[in-house]
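Given the sequences, and given the hints that come with them, work out the whole structure.
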Amino acid sequence: MSEEFFYFLQQLLNGLTVGSTYALIAIGYTMVYGIIGMINFAHGEVYMIGTYVTFIAITGLTMLGIEYMPLVILCALIIAIVASCSFGWAIERTAYRPLRGTNRLIPLISAIGMSIFLQNYLVQAQGARDIGLPPMITGGWSFGPDSFQASVSYMQLIIFIATAVSMLALTTFISKSKMGRACRAVAQDLQMANLLGINTNRVISTTFVIGAALAALAGVLLGLYYGIANPYIGFIAGLKAFTAAVLGGIGSIPGAMLGGLILGVTESFTAGYFSAEYKDVVAFSLLVLILLFRPTGLLGKPEVEKI
Amino acid sequence: MKKKFKLASLAASVLLMGVSTFSAADTIKIALAGPVTGPAAQYGEMLLNGANLAIENINKAGGVNGSMLEGVVYDDACDPKQAVAVANKIVNDEIQFVVGHLCSSSTQPASDIYEDEGVLMVTPASTSPAITEAGHQMVFRTIGLDSLQGPKAANYVTNSVKPKSIAIIHDKQQYGEGLASSVKATLESKGSNIVMFEGITVGDKDFSSLIAKMQKAKVDFVYYGGYHAELGLILRQASEKGLKAQFMGPEGVANDGLTAVAGDSAEGLLVTLPPSFDSNPLNKSLVDSLKAKNQDASAVFVLTSYSAVQVMVDAMKATGGTDTDAMQAMMRTTTFNTPTGQLQFNDKGDLTDFEFVVYNFHADGSKTLAK
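Sequences listed follow chains A and B, in order.
Going left to right, the first sequence walks through residues 1 to 307 as this note's numbering numbers them.
Going left to right, the second sequence walks through residues 1001 to 1371 as this note's numbering numbers them.
A couple of the hints might just be wrong.
[What the hints assert, rightly or not] Within a straight-line C-alpha distance of at most 16 Å, the following computed EDC-like cross-link-like pairs (lysine to aspartate or glutamate) qualify:
| hint | chain 1 | residue 1 | chain 2 | residue 2 |
| --- | --- | --- | --- | --- |
| 1 | B | Lys1172 | A | Asp280 |
| 2 | B | Lys1205 | A | Asp146 |
| 3 | B | Lys1244 | A | Asp146 |
[To be verified] Computed list of chain A residues with no C-beta within reach of chain B, every gap over 10 Å:
| hint | residue |
| --- | --- |
| 4 | Val72 |
| 5 | Ala90 |
| 6 | Ser175 |
| 7 | Ser177 |
| 8 | Gly180 |
| 9 | Asp280 |
Keep in mind the hints are simulated off the structure, nothing from the lab.
Where a beta carbon is used, it is the ideal one built from N, C-alpha and C, also for glycine.
What follows is the structure in structure tokens.
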């Protein structure tokens, strides 16, 4: 097998890793839009909080003397999910629920305000500087000829597996469980679902909490993978994830997954074969192209006007 | 009844405003402009530490021409747009002296405003040559230029490192890209083999594609122009992927923000830095004062900021007032005695002489002279 093939494989793996992380955060955006037709701009901040809580939890647990790494990471994951879910739920209750039923733009502005508020809250609480975490999970597999070794690190594998498992779990939840059915009903027609006796407020809160949990998972994985956090990472990650959600069709969960992977792979191949400087240009041009030909995104359902 | 209350409160607020301006007239305000928040906040802190110590010492010695100095902090977050807003605010607050800004991309647009309004600006940290190319009379700096730092790094590379394949990466900003281009020009003139010259975006976290590209091109030396956040991530990811290359960076990377992210992979990084002014025995009392406040005296911009304040104060004393026009004229004609040496400014406002030194950076944050 030639060097070129392994190089291609390496860039593909890099792209899928980055793409998986976009997908995890994009799901939060797409689910909320599907249910209440609103873009939750504060979602990126929930991911950022997940990363911070992970760092704090890991540092705290290691200081308490717990040495066994998988246990530390698992505990940190649980703590991060609990923290992010609480934030997600609280954000919905304070910033969006009181504005339900108003013009679409008003909750949007409220979301932006909440996003700025959370960033600055973290700046005050934790400082504006970058904080770092030493590598916790190291090592991986290398394969290929001596002239170019493609490598997959264990952390990357964990990211793939965690993303795949959570996607599967979410899809099963939505299609098989009672609450999942309620979510689908509310997504189709909120007023009708209300009339039929579904507690729509609880469904909406659940959606936010699930989105926040996935963002927390992304926060843990990316915190361990990159080892850096600052109060502004939510903004950039949110922007990319939102793009992925729109690319795949906003409102569609498989769309968010597909959009994330496509975005990640495009960025990776552009950087690998063309130039790292134009990575974002190509990725966003792709978004424009796809929206020109399919305005609702790749897997999006066209908006049907109900008469 | 309501009308009387309104009138009374209006009168009270006017009086209060009057009182506050009266008290301000007794102090000379110096604006300290730099990043207090954002990715470059560490450097902003260095600027504030140095400048505040200078203001403290000068006030203890009796102030300047009978007035005390007062430092007023402004945050530009290393963002050019915010820097312009800060510059306008400083002008509106009627402050005539600025120590700052810090990031070259912020100093550049701000300097245009200061020149228009007659505000004297001394930057202790912006190294981009473009800042003094515009012919501004109000702009000075107490640090060297990237047009010196770049060739210094490149000469070290060709004389001591002698790598086979060089990659030059920058962060597309004024400071980083300027340096990278300067290094590239010098290396090319010496016939080095540069296989990659690429930019990354500030705020990016994933550099695995870039690193794979470098591995494919068998790069064994990487020069990075930019700040510590991205280089820290690149070092960490390069070490994980097994890229065996020597990295080198400018003074914008050598701080504990780098080691927090890169950890052990920062060991052996080459950096070009201003000389260690803190190891000069003449500065011992300053170093001790900083240590007493738990501040790091060896941080790159601390003593250059002290010098910036010193230079302004000496100019005020020499001209007997705060006329910025007279001050800037006299600043070019004399030698200033500062913690960073005997400083002389040329026509452009640059120091006539400033040596950058090549160091080996270590994972614990210390540095040793590179041979």
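For each hint, the structure was consulted:
With a C-alpha separation of about 13 Å, the suggested pair B:Lys1172 and A:Asp280 falls inside the 16 Å cut-off, and the hint holds. Restraint check for B:Lys1205 and A:Asp146: the C-alpha separation of about 28 Å exceeds 16 Å, so the hint is violated. A threshold of 16 Å between alpha carbons decides the hint, and for B:Lys1244 with A:Asp146 the separation of about 14 Å falls inside it, so the pair holds. Separation of A:Val72 from chain B is adequate, the least Cβ-Cβ distance of about 17 Å exceeding the 10 Å criterion.
Against the 10 Å criterion, A:Ala90 stays outside the reach of chain B, whose nearest CB is about 25 Å from its own CB. A:Ser175, annotated as away from the interface, keeps every beta carbon of chain B farther than 10 Å; the closest lies near 32 Å. In this structure A:Ser177 is separated from chain B by more than 10 Å, as the shortest Cβ-Cβ distance comes to about 35 Å. At roughly 33 Å from the closest C-beta of chain B, the C-beta of A:Gly180 stays outside 10 Å, upholding its exclusion from the interface.
At the 10 Å boundary, the C-beta of A:Asp280 falls inside the reach of chain B, the nearest C-beta of that chain being 6 Å off.
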